[in-house]
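Q: Listed below, chain by chain, are the residues.
There are 2 protein chains.
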Amino acid sequence: MKRETIEKPNQLPEKRELGKWFNRILDMADIVDYSYPLKGCGVWKGYGWSIRNNAIAIIRELLAETEHVEMYFPFLVPENIFNKEAEFIRGFEDEVYWVTHGGLNELNEKLVIRPTSETPMYCMFAKWIRTHADLPLKVWQVVSVFRYETKTTRPMMRVREVTTFKEAHTAHLTYEEAAKQVEEGIDVYSKFFDALCLPYCVSKRPKFDTFPGADYTYSFDIIFPEGKTLQIGTVHNLGETFSRAFNITCKDTKGEDHYVSQTCYGISERAIASLIQIHGDDHGMVLPPGVAPVQVVIVPIFYKDSMEEVEGFARTVYASLSSHFRVFLDNSNERPARKFYNWELKGVPLRIEIGAREVRKSAVTLVRRDTFDRVEASVDNLKEEIENQLENLEETLRKKAWRHQNANTHSVASFFSMEQEDAVDVLLDDHGEYNGGIVKVPVCGDNVCLEMLSKYVDVLGVPYEKEKEVKGTCICGSPAKQVITVAKMY
Amino acid sequence: MKRETIEKPNQLPEKRELGKWFNRILDMADIVDYSYPLKGCGVWKGYGWSIRNNAIAIIRELLAETEHVEMYFPFLVPENIFNKEAEFIRGFEDEVYWVTHGGLNELNEKLVIRPTSETPMYCMFAKWIRTHADLPLKVWQVVSVFRYETKTTRPMMRVREVTTFKEAHTAHLTYEEAAKQVEEGIDVYSKFFDALCLPYCVSKRPKFDTFPGADYTYSFDIIFPEGKTLQIGTVHNLGETFSRAFNITCKDTKGEDHYVSQTCYGISERAIASLIQIHGDDHGMVLPPGVAPVQVVIVPIFYKDSMEEVEGFARTVYASLSSHFRVFLDNSNERPARKFYNWELKGVPLRIEIGAREVRKSAVTLVRRDTFDRVEASVDNLKEEIENQLENLEETLRKKAWRHQNANTHSVASFFSMEQEDAVDVLLDDHGEYNGGIVKVPVCGDNVCLEMLSKYVDVLGVPYEKEKEVKGTCICGSPAKQVITVAKMY
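Protein sequence lines correspond, in order, to chains S and Y. Mapping to the working numbering: the first sequence position 283 is 283, numbers consecutive. Mapping to the working numbering: the second sequence position 308 is 308, numbers consecutive.
Please keep in mind that the hints were generated in silico from the structure rather than gathered at the bench. The model shown is predicted, which means the values in this text are computed figures rather than measured ones. Some hints could be false.
Copies of the same chain look alike in the list, so a pair counts if it fits in one copy or across any two.
[Stated by the list, open to error] Distance condition first, Cα-Cα at most 30 Å in a straight line; then the derived DSSO-like pairs of lysine-lysine:
1) Lys228 x Lys488
2) Lys204 x Lys39
3) Lys254 x Lys339
4) Lys39 x Lys110
5) Lys127 x Lys20
6) Lys151 x Lys110
7) Lys151 x Lys127
8) Lys251 x Lys84
9) Lys400 x Lys440
10) Lys39 x Lys180
11) Lys84 x Lys110
12) Lys127 x Lys15
All chains should be modelled from the sequences, with the hints used to inform the complete structure.
A: This is the structure in C-alpha cells:
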C-alpha cells in the first residue's frame, strides 16, 4: 500500500529518496548536526553518540577476545616522522592538515594531524620491540583522524574529521604470521558487521587501489539501498614496508635480527551510516538491539479512570526489566501516537504498550519496530519473551539485509558481450542510468585488464571467498582465470 | 623499618623521591610512554588506558544521573568562531595551535585546535536554543585538547596534548540557575574524586586567576605527598559573557528574549596522575577498586606433586569470581615472588594465593595491596569476603589520603607575624625550603591584598565550605573578614 504523503519541511521523506531521508534522520533523531561552520565536520548529538559508543563496545569486546590491546597514540606527528616512508607520503600529502604555529610563534618543525596512525605508532614500535618475545604486538585505538577532502563531503560517509576511526596495528616475526593476522582481521570485522546486521562483500583490491605502503589490501563493501557500494572496512598486509622505514627489528630465537612484518585494519563511522541507511524504513531508523541506546520503550496509555493503575503497573514492568535491557519509560505528557512516532523514528526495536486492559490481564502488548507485529506477553515470562523478540528481530534484519546484498550481486560471462547479458547490462538500466549492485566479472588476472575495467567501473577486487568455478572471457579476449567484483562506489 | 635498597636502573625508586618514582611507575606499569618524539605528548599504554577508561566510566555514570548528555564537538575551530569573545582570546592566544595548510594548499581561513570547547560548542548552542523549553541544556564530552605549553612539561600533569579532557557545558534561563549549576558541578566532581579516594580543597579563585570570560571560578586542589598542590578540577560560572558574544538567546514564558547564563567545568588526566601519586608506595601503585583494570589477581603456587589440583582449583575460583569482579588468573611460568612483585607494582587491590594447603581446606589466602594483611577465606562466601575487603581497602585509601590532606592544611592568624606562627613559618622549613601544604590566611577581602599575597605564594582562593569563624589580621593591617587558602602549586 502506498502511503499518501504531503511534503512538510519537518517530515521525513520516503526512504526511496535515500539521501534526503538520511539527512533528515540525522537531524530529527539527534544523530549528527552538520550545520557546524566547517565543511565536513559535524557535531554528534546524544542519541547518535550513544549508538556510536554501543558499536564501539561491540568491537572492543571482539578485539579483547583476540588479544588486541587498546592504547592511545598522539594526535600530532612531527614532519620528520611522518615523512619516513615515501609511498605513504605520496598517498597522503594532498590530504593532511599541517599545524605550523603554536600561539603567536611559528613552530621549528611543522606537525601533521594524523590522517591514520601508522607513523606515530611505528616510531614507538621501533622502541618497544626487541625480541621475538615482544611479538605479536597487537594494538588498537579509536580516535579522530583528519583528511583534507577536496571532493564533496557527505554526512558520515565522506568527512574531514573522521571522528570514529577504529584502527588496529600489528607486528609479527614472519610474513606468514602477518598474512594469518590479515585473516583474523577479516574475521573480527565480519563478526562486527554481523552484530550490526550488515552484509558485506570482501575483496582483495587491485594493486592500483592498495593502501599506500601495503603489499595488499582487503576491503569490505556493502551495497546501499539505491545500489551504490560503500567501503566500510579495510585490512592491509603491510609486509616490511614500514618496518624498514622505521627500523623496527627483532631478534629471532637464534639471535638474528629481522624486520618485523606488519598489518593494519580500520573501520569508521561509515558503519553507523550504513546501519541507519540499510535497516531504516519510511518511519525512520530500525536499530539492531546491540547498538540501540533504548532497546525497549514503555509507553503507558492513560485514560482518566485508570491512570494510577496504569502508571503503577508501567513502573513495575520498568523495574523488572531495567537491569536486563536498556529500557526507557516514556512518562511524558505527549499523546501516545506522538510517542509512537518519535520512538519509531529513533528506531527503538521493541515497544511495550500498557493500558487498562493490560493491567487487568497482568500482561503487556509488545510491538516490533521492523514488522509492527503485535503480541501480548504475560509479565511472568516477559524477560524471556523480550529476549526472543529482540533475537528474532536481529536475525530478521540481518537476513533481510543479506537478501538485498545477494539479490544485487550478479555474475556475468564477460564484461562486454554482444550475445549474453554483460556487466553493462546489469549495472545500467535501459536509459543508461545506474542500476546498482555488484557484478562478478571473469578476468585473466592481468593488471592491465583491471586498469582498463577501472575506466568504466569501480573495481572492488578478487573475492575473499574463492569462486567454486571460473568460466567466461576476460575483456582482453583471453579465457578467464579468476573473477573480480566491480561496482559503482560512493 | 628502612628498607635497604641498591639503586638499579630498572628498579623503582623510593616513594619519597616522588618525581623519579612517578616517572618510573609510568614506564614500568605500562601507563604512559613519554618517549614519543614530540614534547608534552605521550602514548597511553594498555594498562594505563584501562585505568583511564574505568575513571571515565565513573564520571559518565555521575553525569548521566544528573542528566548531562554526552556529545562530541569538532576538533577544529575556524578563526572567526574562535575570535568571538575578546577576553577568551586574550586568555588563550599564546597557547593555541594553528592549522594553516590542508594538503599542499594554504587554507582560506586558519583553524584553531581546540584548547577547550567553549567556542565550537557555543556556536551550536546559538542554533539549538530557542525557548525556555530547550533549557537547561547540559552537555559534556571527553576529548583531546591542545595547549602550546611553553613552560616545562610534566608527565600527565602539564602536557601539550591533554588526552582526557572531560568538559561539561551548560546553559540556563537565569543567572541564579547557572549559580545553582555550579554547585551541582562541584557536587559531581566531589563524588568523582571520592570514588578515586582523592581528597580536595575547593576554593573560589581570586579575580585575577579566574577562567578567561568567567564571572567566577571554583577550583579543586589536592596536596601531593611532598606538599605541593595540584589543580585537578575547575567549575566556572560564565554568566552571559559567551551568550552575548555568540548571541545565544531564548524566549522566556512571556515570549521575551534573554541571553542565557552558562557554566562549564572540567577535569583531566591529572586525576589519574593524582591517584597514582597519592595512593602509591615503595612497591608501586595502589589502585582504588573502581579504577583498577584488575581488581583481583589469582596466583597459583605450584609444587610438583600438587600442580594439577592447584591449577584446577584456581580455575574453579576464577570461574566463580569472573562475572563479579575484574579478575586475572596469572598462569604464567614466572616464579610466584616475581608475580607478586609485578602485580604489586601494578596496584592490584587484592591478591588470591592458592597452594596445596588452600586446596585441601577449600579456601584461599587473600592479600591486601595496601596493608599486605593476609586472611584466609573459604570459597563458600568468597564473593562476599572480596566485596568486603575491596570496600574496606577503598575506605582505608580514602581516609589515609584525607588524613594527609587535613594534616597539611593549616590555619594561621596572619600571613606575616613577628609574634605568632604565620603562613611563612608553615610553608617554609628552617632552611627556607618549601614545606608544603595549604595555609588558611585571614584577609580583608580586598583584591589588592590578594594580589600582594600572590607575589609570595599561590593564592588558591576563598574556601567553598564556609569557615565557622574568621579571626586575625589581613596583610594590610585591617581586621580579617574572610579566609583564603594559599599554597605552592605545581
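Q: Give the relationship of Lys84 and Lys110 under a CA distance limit of 30 Å: within one copy only, between copies only, both, or neither.
A: both (14 Å within a copy, 27 Å between copies)
Q: From the Cα coordinates, with 30 Å as the cut-off, is the pair Lys228 and Lys488 best called within, between, both, or neither?
A: within (5 Å within a copy, 63 Å between copies)
Q: Up to 30 Å between alpha-carbons, please classify Lys254 paired with Lys339: within, between, both or neither.
A: Between copies only: 28 Å across, 69 Å inside.
Q: State whether the alpha carbon distance between Lys251 and Lys84 is at most 30 Å within one copy, between copies, both, or neither.
A: Within. Shortest intra-copy distance 23 Å satisfies the 30 Å Cα cut-off; inter-copy 57 Å does not.
Q: Evaluate Lys204 and Lys39 at a C-alpha cut-off of 30 Å and name the case that applies: within, between, both or neither.
A: neither (32 Å within a copy, 40 Å between copies)
Q: Is it within, between, both, or neither for Lys127 and Lys20, if the alpha carbons may be no more than 30 Å apart?
A: between (50 Å within a copy, 21 Å between copies)
Q: At most 30 Å between C-alpha atoms: does Lys127 with Lys15 qualify within a copy, between copies, both, or neither?
A: Answer is between: at 27 Å across copies they meet the 30 Å cutoff, but 52 Å inside does not.
Q: Could you place Lys151 and Lys127 in one of the four classes (within, between, both, neither) given a Cα distance threshold of 30 Å?
A: between (38 Å within a copy, 27 Å between copies)
Q: How do Lys151 and Lys110 come out at 30 Å by Cα distance, when the copy is not named: within, between, both, or neither?
A: both (25 Å within a copy, 20 Å between copies)
Q: When no copy is specified for Lys39 and Lys110, does a C-alpha distance of 30 Å or less occur within a copy, between copies, both, or neither?
A: both (23 Å within a copy, 13 Å between copies)
Q: Which holds for Lys39 with Lys180 at a C-alpha limit of 30 Å: within a copy, between copies, both or neither?
A: neither (40 Å within a copy, 37 Å between copies)
Q: Checking Lys400 and Lys440: alpha-carbon separation at most 30 Å within a copy, between copies, both or neither?
A: within (21 Å within a copy, 69 Å between copies)
Of the numbered hints stated above, those contradicted by the structure are hints 2 and 10, listed in ascending order.
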